[in-house]
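J.: All chains, full assembly: derive it from the sequences and hints.
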Amino acid sequence: MEKVLKKKLKVGISECCFGAKVRYNGKGFDYVKNFGRENEQFVFYPMCPECLAGLGVPRTPISIKGGSGQDVLEGKAKIKNKTGEDVTEKLIKACNFCLELLKSEDIYIYMYKEGSPSCGVYRTTLKDKRLGNPPGVLGAMLLKEGFFLVCADDLESPIKRWDIRRRLNAFVWAREVEIENKNQLYNVWHALKFLCQELDEKAARSLGNKLSNLNDTQKEDIEKYRQLILDIIRKPSNLSRIKAWLWKNYSYYRKYKGIELDIVKEPTDLRSNTILAEELIKLENKLYNEGYSFGSSPILYRGKR
84 MEKVLKKKLK VGISECCFGA KVRYNGKGFD YVKNFGRENE QFVFYPMCPE CLAGLGVPRT
144 PISIKGGSGQ DVLEGKAKIK NKTGEDVTEK LIKACNFCLE LLKSEDIYIY MYKEGSPSCG
204 VYRTTLKDKR LGNPPGVLGA MLLKEGFFLV CADDLESPIK RWDIRRRLNA FVWAREVEIE
264 NKNQLYNVWH ALKFLCQELD EKAARSLGNK LSNLNDTQKE DIEKYRQLIL DIIRKPSNLS
324 RIKAWLWKNY SYYRKYKGIE LDIVKEPTDL RSNTILAEEL IKLENKLYNE GYSFGSSPIL
384 YRGKR
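My numbering numbers the first residue of the sequence shown as 84 and each following residue consecutively.
Fair warning: there could be bad hints in the mix.
[Claimed, not checked] List of simulated lysine-lysine pairs, DSSO-like, C-alpha gap at most 27 Å:
1) 148 <-> 227
2) 186 <-> 161
3) 176 <-> 116
4) 331 <-> 318
5) 276 <-> 331
6) 265 <-> 326
7) 340 <-> 318
8) 116 <-> 93
9) 89 <-> 265
10) 186 <-> 165
[What the hints assert, rightly or not] If you anchor each label on the Cβ, the simulated ranges turn out as follows:
11) 302 <-> 369: 26 to 32 Å
12) 322 <-> 166: 16 to 22 Å
13) 166 <-> 365: 53 to 59 Å
14) 339 <-> 260: 24 to 30 Å
15) 354 <-> 118: 31 to 37 Å
16) 338 <-> 126: 23 to 29 Å
17) 369 <-> 109: 26 to 32 Å
Quick caveat, the hints were computed from the structure, so don't treat them as lab data. The beta-carbon is built from N, C-alpha and C at its ideal position, and this holds for glycine as well.
T.: As structure tokens, then:
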């Protein structure tokens, strides 16, 4: 069971995060430039629900009134601009169009702009950094459909960017790898279990126990367990867990090989997030080139450069 991605990943992205000046104030942000050469791994599909709704650029800001984006979809809340104009129907239609386009292209990854009443997931307003009424309308749709969601602001952090990339690779691999029987399911879990334990140890231990007690599996059971794995991989890690598991992986390698590496600092050594990200990348590449798996980053992209 090969654990390498060779195809480019299709990624939906809020158009303002791709550099297009389509925000309500005519501004835009180029977040994807932070990937550097790793941009070659992706094919981006930019879209802006508010532009597709015919609201124009620049435009009067809109907000959710009376609930969340999910409430809007259920007819319990409205989308209005600052002048009081009701744009609910227009925005729902545009968001449905975006979702259908993503699904028609078999895209299940989306990079969103937090703070947007349309694309936001955990925040729908930028005013005073308040939460607003999350999720936004498109955000609610993407959550319901089980998309792998990436906050574009996180791409500016070297550590968060590394975490996003390795989880993205694992998510796509786990979603698309063939699993027809119990043995293949075990193999998938064996490849991803250390990553899952880092992201959510309680959920991972519980899932591991369930898998170890399996007797026979039907197709629907396999897909149920695949979904549980995917649900864990969607969850971001944090700095302390990443550092702890970097040392765990390196310690295992050092014990097995009997050699020290100068590319990994001691856990107590101070270093910037940029240096830490470089350590992670160097270790995962070294282990990959030697035929070993870096448990925290088990699936690498090795497409044509």
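J.: Does each hint fit the structure? Answer for all of them.
T.: Evaluated hints:
1. 148 <-> 227: holds (21 Å)
2. 186 <-> 161: Holds, because 26 Å separates the two Cα atoms, which is no more than 27 Å.
3. 176 <-> 116: Roughly 31 Å separates the two Cα atoms, so the pair is violated.
4. 331 <-> 318: Roughly 20 Å separates the two Cα atoms, so the pair holds.
5. 276 <-> 331: Answer holds: residue 276 to residue 331 is near 14 Å, not above 27 Å.
6. 265 <-> 326: violated (33 Å)
7. 340 <-> 318: Measuring from Cα to Cα gives roughly 32 Å; hence the hint is violated.
8. 116 <-> 93: Holds: residue 116 and residue 93 sit about 16 Å apart, inside 27 Å.
9. 89 <-> 265: holds (25 Å)
10. 186 <-> 165: violated (32 Å)
11. 302 <-> 369: 26 to 32 Å: Distance hint for residue 302, residue 369 is violated at roughly 39 Å.
12. 322 <-> 166: 16 to 22 Å: Taking Cβ atoms as reference, residue 322 and residue 166 lie about 44 Å apart, which means the hint is violated.
13. 166 <-> 365: 53 to 59 Å: holds (54 Å)
14. 339 <-> 260: 24 to 30 Å: holds (26 Å)
15. 354 <-> 118: 31 to 37 Å: violated (22 Å)
16. 338 <-> 126: 23 to 29 Å: Because 41 Å falls outside the window, the suggested range is violated.
17. 369 <-> 109: 26 to 32 Å: Violated, since residue 369 and residue 109 (Cβ atoms, about 46 Å apart) do not stay within the stated range.
Hints 3, 6, 7, 10, 11, 12, 15, 16 and 17 from the earlier list are contradicted by this structure; the remaining hints agree with it.
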